[in-house]
Structures are given as structure tokens and as C-alpha cells.
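Student: Letter by letter, the chains look like this.
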Amino acid sequence: MIISDRKLKARRRKDNSVKGIILSFSSVGLLVFASILIYIFKTGGGLVGYDLLISDYQDFNTDVIVNEVSGDFTYSSTLDDDEYYSNKWDVVLTDTKDREGKDIVVISYIGENSPLRDVSDLNSIVDSGFVRVNIPINSSVDSIILDDYDFIAFSKFGAETMVDIMNMGTSIDSMTLVKEGGGIRGSLITTLYLIGLTLVIAVPIGVFSAIYINEYARKNKLTKYMKTMIDMLTGVPSIIFGLMGAAIFIPFVNGTIGTSGGSIISGALTMAVILLPVIIKSTEEALKVIPFDIRTASLSLGANQTQTTFKVILPSAIPGIMTGILLGIGRIIGESAALIYAIGASIKDKVILKERSTTLAVHIWTAMSGDRPNFELASAISIIILGAVIILNIIAKILVKRVSKVSY
Amino acid sequence: MKNEFEIKDLNLFYGDFQALKNLSLDIETNKVTALIGPSGCGKSTFLRTLNRMNDLIDSCKISGDINFDNNDIYAAEYDVIYLRTNVGMVFQKPNPFPMTIYDNVAYGPRCQGIKDKRILDKIVENSLKSAALWDEVQDRLKKSAMGLSGGQQQRLCIARAIAMEPKVILMDEPTSSLDPISTQKIENLIDELKKDYTIIIVTHSMQQAARISDSTVFFLLGEIIESGDTKTIFSNPSDKRTEDYITGRFG
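Protein chains in written order, with my numbering: chain A, 1 to 408; chain B, 1 to 251.
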């Protein structure tokens, strides 16, 4: 066949223009994703760090008093240039700068037997006396008043002078300590608790359901409906599950364990329901790729159904099941709507299973709601969540590759 | 002469379709019986009735008697696990479990509750030796069985069946997916095994049936057309259809 040069050129032009349109459409998605990444890294990148992960959310801001002492301690490590040790109080004060660049003095070390381990909070008094508090490391010291106002030290004097003045006195009447909060340690721990508890509930139920549907159940209408229902559950918006959690699980947990209102336990129950279809589906997929031959081979050797399932089928399906679990963990880390009801949105430093708490994702919601949304913190938490989800997905991909390498 | 299986008036239905029609047949102990016939004639289905693998198919209905050791294996109180430990099976496609060679062979005995390491070691060694595979795999028993060649995998499946010390081994076209050299090895093995086991083999190859079997059963459309001594059937068949099939006029 002879095709004219003109026609060939026109066809090539058309081909290229279609390619161009497809490329520009597909790059829109990439661009949006990239701009989200750039935004959160620009806003929250500076805040992300070990410090954010381990510090409390609540500010520590209090005056403490210390009873009379006459100690003589020694410091075993060597001191840096800006560190000063008080052998009377067994503490190290350090000159440093705060986040805004102001000069401050912080307590960077409190000895094992230091009198500062046993302090009372001036601001909180109960019938039996003052309430004990623990001084967090790296709290900044604003001022110290010693021996009935005989000696007074301020942070503007610097750490060296402060230590000198401290060494003159034998009791502290008032020591003003400040530690900036805003950390996410509590939310991080809540998230970890929630992951553990949810998996403990959802994995056995999900895996055994999948085994029942795939290995034991006869292929009849009932199993067909069951499968359709499970497929539909995957598409239900999580806020509806959250409502269910509030309507069923919170009263259930309140009644059985004796909590009041939302708790990590009711949150885990809600999350488990959300995860069930995910785990059932991935386990089913893993079981489906195992050839039927293997099952007949096992049965022909005089094994019964249970032996076949647990000795041959399940071990081969474990990488697939693991993939489902990892994707499930990603879902727990990212879930927010359902958990606002089920766990609550109160940020806690002391995490208790039976009490309200906040996961990382809900922490973002809390940070952004209110009059002054905290974009910086929200972005920083987003980075942490994204990082965790990406790592989980990579591990899941590696596992999938390992499964497909096993040829039957 | 003793019979391992005595089959009387066996009918088998898949739903409405009758796959086996009024079969009656005796299978002799310690002989190789070949089942031949064109595709879809019911020979594999028949083979699977002998260790009740058809139980797995919901729509399958069976009437008639199959006696093994003078017991009706389709009787309600008959223990199917007992049957399958005594009637082993080797399949068309090699189907080792995705585990080590050792675990493959030890699987059956373990399922019956044998846990003693020394007994299992002995069973594995003897079974692999009987399946003429020991020399090739003895230094890699703890490696995955998936790394073996197709022929080795099929002999492993035979070893796995032997490990149960069955009386009968059913073979469903065991060499159809193998190359000529592996096929020959398995044929030699079958010749060895018939001293200790009754072997029933489904095959599509006339030459194979003639080479290895003592008696032959010819199936056509779910019926047994002719059965008897292999030499007689191949040299002097009594039915015209048998002769046509053996000489390659159809099938």
C-alpha cells in the first residue's frame, strides 16, 4: 500500500498531540502531589525532629520549693564550656537559646540523689500540703529565690553566676521553671496503642473469616452475599463507622470495662471494624493464588481439612496476609473522622487505655480547629504520618514481590 | 490371586450428567493396571472414586459398590482418612508443597501424628530411596522442593505417597508433563514399585500402557469396553472399538 507523505505527517502530528494531552493531564496529579509535599515540608519541616516526638503537649510552667539541704555531690562526666555544675544541688545549668533565639538558662542534668528530685509545686496545694512534681529535663530556669530572699538569681545573669548564687543558699523558696509544650509524644503513643490493640482484634477475626469463606464454606448463595457485603463494607465512609463506634462501642465499653465516654479501647474496636474488610480481602486474595492442586495433594495424603489449611495453605499465604496487615496499619495511622467520636480529640501527655486520647491524625484536626489554626504543627505531623505510610507501603511492596517469586 | 479392589455396578453423576455407567471390575494386588481411553471417557474420574477424591466436588453423586479390603469405601461409617492413607495418589502435574524436600515427604506421616525425629528421618530416607530420588537430593533435604526439576518433583510426589506406606498408588497421567528421560525414570520406578504396591495408572500413551502394565482397562464414554491381560488386549482385542483405539484410528 502506498501512503502519501502528507498523510503520514498528519498522522504523526495527531499522534504527538494526543500524547501531549495525555501527558499534561497525568502531570496534573503529580503536580498537585508535589505541591502538597512542598507546602508541608516548607511549613512544618523545621518543626519535625526528635524533640517534637518526645516532648509533652502541655506547657510546664510552675514555681517549686525545695527543703533545706547541705549536700556535696560530684559530677562524673566532663562539662562543656556553657555548662556549669552545682555540687550542692547536683544539677547542671546550661546557657542556651530558645526557639526564638533569646538567651535562656536550662536545667540540663539533675543528679540521681539531687534535692531537685524531690520538689513541691507552689501553685497546687491540697489538704495534705503541696503536690510533688517532676522537673522535666531542659526546662528553662527563670529565677531562683534562696534562703528567705537572701539570695536571688535571674536567668539574665547567665548559668555560671546562677550556679554561684545557688551554691550560697541552703533552701529554695521559689524556683520558676518553664518548659514549652507542643510536642506530640502523647498522640504518638496513643497511635501505637491503637495500632496494637486494633490488630489484636481485627487480624484473627479477619484471617479466620477469609479462611472460612475460601476454604470451608460451600459455594452457595449465602457465601456469595457475604462476599458482596464485605466488598460493600470497604466502600463505606469511615465517618459512618465512627458513628457506629459512638452508638455501639462506646456504650459497650462503658458497660463492660467501666470507662466513661470514648477511650482507646472503643477506638480500637471501631478501627477493627474498618480494617476487617481490608484484612479479609487481602487474605482471600492470598489464599486464592494457592493452586487447588496443593489442597488435593494434601487431602490425598490422608490429611484432614484443618491440617491442610493450617499446615500447607496458611503458611503459603502469610506474605499476602502480612501485606494486608501493613496496609491496615497505614489506614489506622491515617484515620481521623471515625476516631474523633470513638477516642475523642483531647490531647493527652499521659496516655491511658481507658481514657480519651488523640491519635496523630486527629491531632492535626485539633491543631487546625479553633481560632488560630497551627499550620506549622499540622504540617509537621503530616510529614510524620506520610513518612510512616510510605515506609509501610514500601515494605508491603517488597512482601508482594516475595510472594510472586514463589512459583507453584 | 487376590483382588485389591472389587467394583460392582458403579454409577457416577455430575449433576445430571452420567460420567460412569455400570462399571464392574476387579483390580489385582501387586499388579500394574493401566486405564486407557480417549479424553473425557471417565478414566480419571474412575481413578478418583478409588480414594474418594470426588468427595470434593459438591455435585458428584455415586451409586454402586467399591470394596477395598472387603469393606465398602462409600459406606456411611467408612473412614475416608483411613482410605487415603492406604490409597496414595500421584497427580498429572507435579504438585509438591512449597516447603523443603524433607517436609514434603514427612508431611503425611506428621499428619498422622508421628513426631519422633528418628522415625521421620527413616521414613524420609526410605521413601526417597524407593522413589529413586535419594541420591539426587540427600545433600539438600532442607532446601525448597520448588527448586527441583519437573521429573524430580514428580518422583518427590511419588516418595510423598510412599511415605504413607499405602497398599495402592493411583497415578493420574504421571508422565504427561515430563520429558522422555524423566518419563523413562518414572516408568522404571513403577516397575520397581509393583513388587510392594498395587498400581493403577491412567495414561494417554498406548506404548506406555503396553510397556509397564500387567492388565489394561479400556474406557469409552463412561463405560468399560474391555479389560484383561495387557498382552491379550494389545495383540488380540475382542472388541472392534478397542482395536480401533489401540491402532490409533480415533482418540
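Since the hints were derived computationally from the structure, they do not count as laboratory data.
We put the CB at the ideal spot given by N, CA and C, even for glycine.
There may be inaccurate statements among the hints.
Subject to a maximum C-alpha distance of 25 Å in a straight line, what follows is the list of computed PhoX-like cross-link-like pairs (lysine-lysine) [what the hints assert, rightly or not]: (1) K179(A) to K224(A); (2) K219(A) to K117(B); (3) K122(B) to K195(B); (4) K401(A) to K142(B); (5) K231(B) to K2(B); (6) K224(A) to K231(B); (7) K31(B) to K311(A); (8) K156(A) to K219(A); (9) K115(B) to K311(A); (10) K288(A) to K122(B); (11) K143(B) to K401(A); (12) K288(A) to K397(A); (13) K311(A) to K93(B); (14) K311(A) to K122(B); (15) K143(B) to K311(A); (16) K195(B) to K311(A); (17) K231(B) to K185(B); (18) K93(B) to K167(B); (19) K401(A) to K311(A); (20) K122(B) to K61(B); (21) K156(A) to K179(A); (22) K221(A) to K61(B); (23) K143(B) to K122(B).
Some but not every residue of chain B turned toward chain A, in silico, with C-beta under 10 Å [stated by the list, open to error]: (24) D55; (25) G108; (26) I181.
Student: If a hint holds in the structure, say so; if it does not, say that too.
Tutor: Verification of the supplied hints:
no.: 1; hint: K179(A) to K224(A); verdict: violated (59 Å)
no.: 2; hint: K219(A) to K117(B); verdict: violated (40 Å)
no.: 3; hint: K122(B) to K195(B); verdict: holds (20 Å)
no.: 4; hint: K401(A) to K142(B); verdict: holds (23 Å)
no.: 5; hint: K231(B) to K2(B); verdict: holds (20 Å)
no.: 6; hint: K224(A) to K231(B); verdict: violated (53 Å)
no.: 7; hint: K31(B) to K311(A); verdict: violated (34 Å)
no.: 8; hint: K156(A) to K219(A); verdict: violated (80 Å)
no.: 9; hint: K115(B) to K311(A); verdict: holds (14 Å)
no.: 10; hint: K288(A) to K122(B); verdict: violated (35 Å)
no.: 11; hint: K143(B) to K401(A); verdict: holds (20 Å)
no.: 12; hint: K288(A) to K397(A); verdict: holds (19 Å)
no.: 13; hint: K311(A) to K93(B); verdict: holds (21 Å)
no.: 14; hint: K311(A) to K122(B); verdict: holds (22 Å)
no.: 15; hint: K143(B) to K311(A); verdict: holds (18 Å)
no.: 16; hint: K195(B) to K311(A); verdict: violated (33 Å)
no.: 17; hint: K231(B) to K185(B); verdict: holds (23 Å)
no.: 18; hint: K93(B) to K167(B); verdict: holds (22 Å)
no.: 19; hint: K401(A) to K311(A); verdict: holds (23 Å)
no.: 20; hint: K122(B) to K61(B); verdict: violated (41 Å)
no.: 21; hint: K156(A) to K179(A); verdict: holds (17 Å)
no.: 22; hint: K221(A) to K61(B); verdict: holds (21 Å)
no.: 23; hint: K143(B) to K122(B); verdict: holds (18 Å)
no.: 24; hint: D55; verdict: holds (9 Å)
no.: 25; hint: G108; verdict: holds (4 Å)
no.: 26; hint: I181; verdict: violated (22 Å)
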